[in-house]
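*Asks:* Chain by chain, the residues:
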Amino acid sequence: MSAPAPSVDCVVVGGGPAGLAAARTAARHGVRVLLIDENAELGGQYYRQMPAAFPSAGDGVLGRESVEGGRLIDEVRSLGVELCLGAVVWGIFDQRTVAVATRDATRRITAQALILAPGAYDRPVPFPGWTLPGVLTAGGAQNLMKGYRVLPGRRVLVAGSGPLLLVVAHYLLHGGARVAAVCEASAMRQLWRYAHRMLPHLNFVQQGYRYRQEIEAAGVPFLTGHVIRRALGSAEVTGAAVAPCDDDWAPIRGPEQSFDVDTVIVGYGFVSSLELSRLAGCEHRWEAALGGWVPVRSREMESTVPGVFVVGDGAGAAGSAVALEEGHMAGLAVAGRFGRLAGREYARAVSRARGRLLHLAGFRRVMDELYRFGPGLYTLAERDTTLCRCEEVTAAEALEAVREGATHVNEVKAWTRVGMGRCQGRMCGPALAHLIARATGRPVTDAGVFTPRPPAKPVPLAALAQESH
Amino acid sequence: MTQGDLRMTAAAERGRTLTMLVDGGELTAHEGESIAAALLAAGRRLTRWTARTGEPRGYFCGMGVCQDCLMTVDGLPNVRACMTPVREGLRVETQRGLGEWGVVP
Numbered sequence: 029m030s031a032p033a034p035s036v037d038c039v040v041v042g043g044g045p046a047g048l049a050a051a052r053t054a055a056r057h058g059v060r061v062l063l064i065d066e067n068a069e070l071g072g073q074y075y076r077q078m079p080a081a082f083p084s085a086g087d088g089v090l091g092r093e094s095v096e097g098g099r100l101i102d103e104v105r106s107l108g109v110e111l112c113l114g115a116v117v118w119g120i121f122d123q124r125t126v127a128v129a130t131r132d133a134t135r136r137i138t139a140q141a142l143i144l145a146p147g148a149y150d151r152p153v154p155f156p157g158w159t160l161p162g163v164l165t166a167g168g169a170q171n172l173m174k175g176y177r178v179l180p181g182r183r184v185l186v187a188g189s190g191p192l193l194l195v196v197a198h199y200l201l202h203g204g205a206r207v208a209a210v211c212e213a214s215a216m217r218q219l220w221r222y223a224h225r226m227l228p229h230l231n232f233v234q235q236g237y238r239y240r241q242e243i244e245a246a247g248v249p250f251l252t253g254h255v256i257r258r259a260l261g262s263a264e265v266t267g268a269a270v271a272p273c274d275d276d277w278a279p280i281r282g283p284e285q286s287f288d289v290d291t292v293i294v295g296y297g298f299v300s301s302l303e304l305s306r307l308a309g310c311e312h313r314w315e316a317a318l319g320g321w322v323p324v325r326s327r328e329m330e331s332t333v334p335g336v337f338v339v340g341d342g343a344g345a346a347g348s349a350v351a352l353e354e355g356h357m358a359g360l361a362v363a364g365r366f367g368r369l370a371g372r373e374y375a376r377a378v379s380r381a382r383g384r385l386l387h388l389a390g391f392r393r394v395m396d397e398l399y400r401f402g403p404g405l406y407t408l409a410e411r412d413t414t415l416c417r418c419e420e421v422t423a424a425e426a427l428e429a430v431r432e433g434a435t436h437v438n439e440v441k442a443w444t445r446v447g448m449g450r451c452q453g454r455m456c457g458p459a460l461a462h463l464i465a466r467a468t469g470r471p472v473t474d475a476g477v478f479t480p481r482p483p484a485k486p487v488p489l490a491a492l493a494q495e496s497h
Numbered sequence: 013m014t015q016g017d018l019r020m021t022a023a024a025e026r027g028r029t030l031t032m033l034v035d036g037g038e039l040t041a042h043e044g045e046s047i048a049a050a051l052l053a054a055g056r057r058l059t060r061w062t063a064r065t066g067e068p069r070g071y072f073c074g075m076g077v078c079q080d081c082l083m084t085v086d087g088l089p090n091v092r093a094c095m096t097p098v099r100e101g102l103r104v105e106t107q108r109g110l111g112e113w114g115v116v117p
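Protein sequence lines, in the order shown, are assigned to chains R and B. Residue numbers for the first sequence follow this note's numbering, so the first one is 29 and each next one is one higher. Residue numbers for the second sequence follow this note's numbering, so the first one is 13 and each next one is one higher.
Next up, chain R with everything else stripped away, as it sits in the complex (with noise of 0.2 angstroms):
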């Protein structure tokens, strides 16, 4: 730690869509480019690629994205990017001095200009049974089948919001699962008041329109306005129930309609992994749209600690295509400060991907009004509902530090310990933040969020041992 750490020109956090693209655009320029991801292989979730050890991807069905994402991995090979792949950045000091950790050693790295590329989570919602063995997320279901082509279950509900479940239950028939009901919290009304803005989204819509009809077609319940209520066993997942709910996500009381399933895939949209951008520095603001909080960035994306770029879904999930964009802008940018862009073509090679954003823009917020996420999803958590699973907090001994005068996320983790544990309260944070919301009557914002610390991620001691620059 004595010594300097070495320094980069730029350096990109995550080889997903976003720090792919402002990979390529920065290193197509002449910058020198070290991107780091925490996968053996690039692509992210979204462009997740088959095992380096698998010889063939098989049939297309599964692998459109990766193929997609396959050439703009070789793209970025081929301009020479240094790749460091497998290792978590744990740390980010001074602003802009990374701090990565390999299996066994760890090293630090300042970057004239950090580009974070984090992605999204699925969004965790406690709720009874959530815990048990079976129950998984849309995105790790998307992974087993894209990655390694495995069925997550035979039987198997989804429930949750927005796209991703058409896509998820796709993939599953397409696997020969037994798909039981797609859940869909939104209640989808009045879907013909989006026609004339969806108008120059055809492809999208027609792509929606498809998932439907074929889950229509192999006999699936495709249920709007509900959401998961329970999932059912002791050992494992043998069955799960759904209820209806209001225009809150909040489940409706009264009968509940069960499914003989062995598997429970749960996804209510994305949450964005701001613990790098936090420890940047970086300033948040509350996304009333997303429900969440996302980095204040400038126009070409630059966060309020400078040379320090945000992009992608870890900047409020908006999908890949947005993401390529702003990747692309922020290696722009970059490129611009190294001085390898200047006047008229850096202006003109902004100006039309700020074109294209804007385009893009018109059709999130068409997604966003559709699958505004409904905080009274945070409702289905009963008192003896697991709300922090690392340290095995209720939802009733959180509220019992909320009714004795705790109002803020990170009180409520000083007298439970709850967020305390190795996933350093990402999966409870968000549902902490609106239970002490409801239970004091204050807008979720006050009830703030964890103060991120390094080690963002745990990190074996062997690799802290190991330090070197």
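You may find that some hints are simply not true.
[Said to hold, decoys possible] Ranges of calculated distance between the beta carbons of each label pair, as one might list FRET restraints:
#1 Gly87/B / Ala133/R: 16 to 22 angstroms
#2 Ala375/R / Leu110/B: 36 to 42 angstroms
#3 Asp474/R / Leu110/B: 33 to 39 angstroms
[What the hints assert, rightly or not] Stretches of chain B that chain R covers, calculated by requiring three or more beta carbons in the stretch to come under 8 angstroms of a beta carbon on chain R:
#4 31-44
#5 49-56
#6 59-70
#7 101-114
These are computed hints drawn from the structure, not numbers from a lab. Quick caveat: nothing in here was measured; it's all calculated off a predicted structure. Note that beta-carbon positions come from the ideal geometry of N, C-alpha and C, so glycine has one too.
Starting from the known structure of chain R, arrange chain B on it as the hints suggest.
*Replies:* Below, chain B without anything else, positioned relative to chain R:
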């Protein structure tokens, strides 16, 4: 436990087969698979029992975030099954609580 192999048969050519040990029993997997993928393909959902209440847990987020699919791998506790590739002869154990440091033979 679900029965049989959950690998989608026509959907991919897989890596060569290898044998690993799960709680002392042999399990066939394919090179390139994660520990979690190999276990789930065989219908095994359980990865650990929790420290406080002894609840069963398994694969949840599938992308290295939730820290729920922790297992003891070659004597090293708290290894994420979803992020760790299989290897010939790998010893994987269902973890109890916070796990114990095993002796690697």
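*Asks:* The structure should be examined with respect to each hint, and the outcome stated for every one.
*Replies:* Quick rundown of the hints versus the structure:
1. Taking 16 to 22 angstroms as the suggested C-beta distance range, the pair Gly87/B and Ala133/R conforms, at roughly 20 angstroms.
2. A C-beta distance of roughly 56 angstroms is found between Ala375/R and Leu110/B, which places it outside the suggested range of 36 to 42 angstroms.
3. For the pair Asp474/R and Leu110/B, the supplied restraint of 33 to 39 angstroms holds, since their beta-carbon distance comes to about 34 angstroms.
4. Residue count for the region 31-44 of chain B with a Cβ under 8 angstroms from a Cβ of chain R: 3. That meets the three needed, and the coverage hint holds.
5. Requiring three or more residues with a Cβ within less than 8 angstroms of a Cβ of chain R, the coverage given for the region 49-56 of chain B holds, as 3 such residues are present.
6. Proximity of the region 59-70 of chain B to chain R, defined as three or more residues with a beta carbon under 8 angstroms from a beta carbon of that chain, is established by the 9 residues found.
7. Chain R is given as covering the region 101-114 of chain B, and this is violated because 0 residues of the stretch bring a CB closer than 8 angstroms to a CB of that chain, at least three being needed.
Checked against the numbered hints above, the structure breaks hints 2, 7 and satisfies the rest.
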